[in-house]
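Starting from the known structure of chain A, fit chain B onto it as the hints suggest.
Chains as they are written, first to last, in my numbering: chain A, 20 to 339; chain B, 20 to 339.
The hints are simulated quantities; they were obtained by calculation from the structure and are not laboratory data. Ideal Cβ placement from N, Cα and C applies to all residues, glycine included. Treat the hints with caution; some may be incorrect.
Said to hold, decoys possible - Chain B is faced by these chain A residues, among others (derived, beta-carbon under 8 Å): (1) N155; (2) D180; (3) F182; (4) L186; (5) T190; (6) C201; (7) S277; (8) N306; (9) L308; (10) K309; (11) I310.
Unchecked claim - Here are some of the chain B residues that sit facing chain A, going by a computed Cβ distance under 8 Å: (12) G152; (13) N155; (14) I171; (15) G178; (16) A183; (17) L186; (18) C201; (19) S277.
Claimed, not checked - Each computed EDC-like pair below joins lysine to aspartate or glutamate, with the alpha-carbon atoms no more than 20 Å apart: (20) K312(A) x D180(B); (21) K312(A) x E297(A); (22) K174(B) x E297(A).
Protein chains: 2
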Amino acid sequence: MPKQYVVGIDIGGQTSKLGVVDARGDVLSQTVIRTDTFGRDADAYIAALAEAVKACVAQADMTMEDIRGIGVGAPNGNYYTGEVAFAPNLAWAADQAVPLSKKLSDACGVPVSLTNDANAAAVGEMAYGAARGMKNFIMITLGTGVGSGIVIDGKVVYGHDGFAGELGHVTVVRQNGRACGCGRHGCLEAYCSAIGVARTAREWLDATDEPSSLRDVENISSKDIFDAARTGDALAIRVFEYTGTILGRAFADFIAFSAPEAIVLFGGLARAKEFLYEPIVRAMNENVLKIWKDKVQVVFSQLKESDAAILGASALAWEL
Amino acid sequence: MPKQYVVGIDIGGQTSKLGVVDARGDVLSQTVIRTDTFGRDADAYIAALAEAVKACVAQADMTMEDIRGIGVGAPNGNYYTGEVAFAPNLAWAADQAVPLSKKLSDACGVPVSLTNDANAAAVGEMAYGAARGMKNFIMITLGTGVGSGIVIDGKVVYGHDGFAGELGHVTVVRQNGRACGCGRHGCLEAYCSAIGVARTAREWLDATDEPSSLRDVENISSKDIFDAARTGDALAIRVFEYTGTILGRAFADFIAFSAPEAIVLFGGLARAKEFLYEPIVRAMNENVLKIWKDKVQVVFSQLKESDAAILGASALAWEL
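One chain only, chain A, in its complex shape (with noise of 0.2 Å):
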């Protein structure tokens, strides 16, 4: 009998998630470990996720054996090395190139599928959640930065060497564009990821005198701009509009690329459905072509936001 268990692993710049999940996508067992207390040391690492792979294992009552593959979602991780390379937010990988694939191959005796954390979003949500049955839709992912996995052919799209669907880093303001943190300007994510939402509100706050419930509120968070505009804060609803507009119009540039079904939105911002939903499907239908004039679905994953992350990786791990 084939295995039927596989292995998620979502590693974040504090915290690496990691479950064991069945065919259906139920999470049987998860566990948590530091990703920032290593330092540089790489193999450390590696061997405490070896460690905390094996313990949840036992914790669902199995063993490897019961185990078919093991589904990695990370910052930079390539698919086709196998690497975790020069991602700024991971001492151990900041400067270096490290074999993650083989070393926690290696070290649990399965094989390991790694890929970046957008990437890993979109299979999951072909496999478990709001893109099931879809073989072409776009992945984006609003959280501290703007990610993307590009489905086509029912194929995640790494191009010719690994890293495509940089998606977060297309160019929608060409001048006097705000400073993103991968050294240019105008990025999308400098303006809708949730530093970029914040950035709005605390730009548009100096700028006006406009009465609002966030002149109270000292480091605005997306969150705080989420919950002013569900008390009706004027402004804080028109900061949405505005991020909404910004993407609805990067969409139609997208849809002329690959003509997807939908574009499925997934991140902490993408809690803020209730007032992005709207500006983002009328400005993507006011700048697409005509053919495909309200024809593309804007939808918001489906995933429960918990295992979310574990689930998209280990969907990874049933290619193997």
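Just chain B now, with coordinates in the frame of chain A:
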């Protein structure tokens, strides 16, 4: 023995070119018929086309028995449905969807594969041209309009509906962009097609008193600007610099999508390589994410221009 010959048909607004092609990409015979003398009568056009196919095959000392299939490149040609639908430049398909693949296949007795002209060019470039051996590249056709064919993992991207790859209609100027033939504003095509280039020159001539040999030309075409640039006309050279800069910036965004190995340029305007290459490459590398800086090639088609359209379409038929 498998059949060793295919027919390629390139349908343009005025003429349709067709030829018999062998596996090495040699055009053994070719002919041309009018596209624009059938009014709205699609059946009459297809009947004439089928006759021309048979005549062209006979001219190569063959019968239809020797032909594996027919590949067709046509404006708005849809790979999935085999239809040419709502193509503004084809009177017989301007306001209806014509099942060209089926009707031509019935008339000729061999299978027919149809796609749009830019996708056909991409397949041709992969089979016989500058993209031989490449699995991931983007074909940009710089003609009357700007078209594109996107190849990922060795396959043309058709998308959910068969219309993927309309990169001539990404928005490159968001505010006060030029009107585009598609009814929108600020499209890449409005700036970087042959028509767009001529428009740039006319706008600059109107706006300044700068001396230029182009002031003596009536109805300036992109060819006139090319000729002027070759004689050292400073304004004409700057028109190409401007055009190349807009292309290069757009290419930087395209790279973030599919991480191609190369961008391949084809079409009448690509003849101005000596003036376009440098600004394109400079703008592309100035605007692309660091991981792709100086890594993506910009190459110009190596197909003989007289044969290229037929070759591109014919290459589709090898997949039949």
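Status of each hint after checking the structure:
A least Cβ separation of about 4 Å between N155(A) and chain B falls short of the 8 Å threshold, and the interface hint therefore holds. The beta carbon of D180(A) is positioned within 8 Å of a beta carbon in chain B (closest approach about 5 Å), and the interface hint is therefore held. Proximity of F182(A) to chain B holds as hinted, the smallest CB-CB distance being about 5 Å (cut-off 8 Å). Taking 8 Å as the C-beta contact cut-off toward chain B, the hint placing L186(A) at the interface holds, the least distance being around 6 Å.
Taking 8 Å as the C-beta contact cut-off toward chain B, the hint placing T190(A) at the interface holds, the least distance being around 6 Å. With a least beta-carbon distance of about 6 Å to chain B, the hint placing C201(A) at the interface is held under the 8 Å criterion. The interface hint given for S277(A) is met, as the beta carbon of that residue sits about 5 Å from the closest beta carbon of chain B, less than 8 Å. For N306(A), the interface hint holds, the least distance from its beta-carbon to any beta-carbon of chain B being 7 Å, beneath 8 Å.
The criterion of a C-beta within 8 Å of any C-beta in chain B is met by L308(A), whose closest approach is roughly 5 Å, and the hint holds. The criterion of a C-beta within 8 Å of any C-beta in chain B is met by K309(A), whose closest approach is roughly 7 Å, and the hint holds. With a least beta-carbon distance of about 6 Å to chain B, the hint placing I310(A) at the interface is held under the 8 Å criterion. Hint on G152(B) is violated. Least Cβ distance to chain A is approximately 12 Å, over the 8 Å limit.
Interface hint status for N155(B): upheld, as the beta-carbon distance to the closest one in chain A is roughly 4 Å, under 8 Å. About 6 Å separates the beta-carbon of I171(B) from the nearest beta-carbon of chain A, less than 8 Å, and the hint is met. With a cut of 8 Å, the hint placing G178(B) at the interface with chain A holds, because the nearest CB-to-CB distance is about 3 Å. Interface hint status for A183(B): upheld, as the beta-carbon distance to the closest one in chain A is roughly 4 Å, under 8 Å.
Taking 8 Å as the C-beta contact cut-off toward chain A, the hint placing L186(B) at the interface holds, the least distance being around 6 Å. A distance limit of 8 Å between C-beta atoms decides the matter here; for C201(B) the minimum to chain A is near 6 Å, and the interface restraint holds. At its closest, the beta carbon of S277(B) sits 5 Å from a beta carbon of chain A; the interface hint therefore holds under the 8 Å criterion. Distance restraint check for K312(A) and D180(B): the Cα-Cα separation of roughly 13 Å lies within the 20 Å cut-off, and the hinted pair is therefore satisfied.
Restraint check for K312(A) and E297(A): satisfied, since their Cα atoms lie roughly 15 Å apart, inside the 20 Å limit. For the suggested pair K174(B) and E297(A), the alpha carbons sit about 35 Å apart, so the restraint of at most 20 Å is broken.
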